[in-house]
Every structure is written in structure tokens, then in C-alpha cells.
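*Asks:* Here is how the chains run, residue by residue.
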Amino acid sequence: MWSYDKRLQYPVNIKHPDPQTAKIVITQLGGPDGEIGAAMRYLNQRYAMPYKEGKAILTDIGTEELAHQEMIAAIVYQLTRNLTPEQIKEGGFDAYFVDHTTGIYPQSAAGIPFSASALQSKGDPITDLFEDLAADATTRNAQLFPPFSTDNTGVHCV
Amino acid sequence: MTEREKLLSRVRMYDFALVDVIQYLDGHPKNTAALAYYSKMRTAFDKAAAEYEDAYGPLTAREVDTRVGNWRWIDDPWPWEGEDN
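Protein chains in written order, with our numbering: chain Z, 11 to 168; chain L, 449 to 533.
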């Protein structure tokens, strides 16, 4: 069971809409190395974990990933707030917009909907922990990817 | 930074310390320094959260003060809306 705190883990206050950045950042929500995948991976791997320390860590980290996905969704939401038709076209946001308008849809930067095929839960704790290590490395890669070093100060703060 | 943001940033600061030490304690349940740190951060978090809630409304749906006569949980702003809303 879970409870909700009505606040973000870290504040998101983006001043200027920036659909071009939103298009890239959304992959950290629903892409192959995104936060939803991270949460689903840890929370579903728990059941095969025999050790109490491991059960606790998977539970608490999986829970924290849910808080991360909320922050990423907030970034995308604020980056696409009050867009003009020109900004949608110029920012290359028209393909996303025709499918979802400015609704937050968990997908990769390339437009592939969130898929559990980017994660594994094998029923073996050692296998799962190696999968977690690999997932952590790929997420780090995504976070260091150049487009994330955007000029948008609001995004940069997060 | 508004007074609301200032209070909320203190809640976040102590919460972040708690998130960190909780995950550390999961793997090191007998570490006395971590246990003491958890206890200290819990006290600080509870105080900061209570101060925020007294001034700006509930952080969880289980801490709603019904004496005001309406369900304040639904009040804007919601977390994703940013400080301008």
C-alpha cells in the first residue's frame, strides 16, 4: 500500500515553455531507461528477494522512483504549458501534439509508448540485481546525454 | 522565494535526508550513527511539516484539519503546477 505526499521531491518551476526540450525529457518518464521502468523493475522484483535487507531496499527505492516520475512529468507539463501553434511547430512538437495534445503520455523520445519490455523480473535475486546495475548505468547515460544540458534554466535547476 | 516555498524547501530538505538514510539503514540496520541520524532528521522533518501544514494546508490526505469546515486537501496548487499557479 502507498500514501501520497502533496509535494515534489525537488521543486520544478519552469518559466518558459520549451517543447523541443519536452520532447527529449519525456523519455526519462516513459522511455526504456525512464523512471516508470525503474519503479516497475524494483517493485516487481521484490517478490523473489529472500533477504529482508533486499526486500526493504527494493521497496524503498521503487517508491522513490515513483516520486522521480512525478518530477519528470511536472517538467514536461510545465515545458508544454501555454504553447502557441507556432511554438508547437517550431519546437517539432507537432507529432506529439497530434496524438496527445499536451497530455502527459509516458513514451520515449522517439515516440514509443512505455513498454515493460525494457525491464526484466526473473525470479532470481542475483539475476535481478545484475539487471538493476545495468539499468542504473543506462539511466545515468540518458541523464548525461547532451540534450539534457539544455539552456532552459528551469530544467537545469532540476 | 515566497514564505510558502521557504517552508516547503525545509520539508524537502529533511525528507531528502530521510530518504537517503532510510535506504542506507535498509542495508545497514545496525549502524548506530545512521540510526541516530534518522532519529534527528525525523524530529526535524515532523517539525517542518507541521509548520508548513499549519500555514498552508495538508501535505497528506490523512492530516486534513476538518474544523475549517471544508475539505482543504483539494486546494490548489498541486505539486506539478509550479510556484506561478
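Calculated from the structure, these hints are not laboratory results.
Hints may contain errors.
Claimed, not checked - Reference listing, derived: stretches of chain L covered by chain Z, where coverage requires no fewer than 3 residues with Cβ under 8 angstroms from a Cβ of chain Z:
| id | region |
| --- | --- |
| 1 | 462 to 471 |
| 2 | 477 to 486 |
To be verified - Just some of the chain L residues that point at chain Z, by a computed CB distance under 10 angstroms:
| id | residue |
| --- | --- |
| 3 | Val-459 |
| 4 | Leu-507 |
| 5 | Trp-528 |
All figures in this text were calculated on a predicted structure; none of them were measured in a lab.
A virtual CB, placed ideally from N, CA and C, is assigned to each residue, including glycine.
*Asks:* Against each hint, give a clear statement of whether it holds in the structure.
*Replies:* Verification of the hints:
1. 462 to 471: holds (count 5)
2. 477 to 486: violated (count 1)
3. Val-459: Hint on L/Val-459: holds, closest Cβ of chain Z at ~7 angstroms, below 10 angstroms.
4. Leu-507: holds, 5 angstroms
5. Trp-528: holds, 4 angstroms
The structure shown violates just one earlier hint, number 2.
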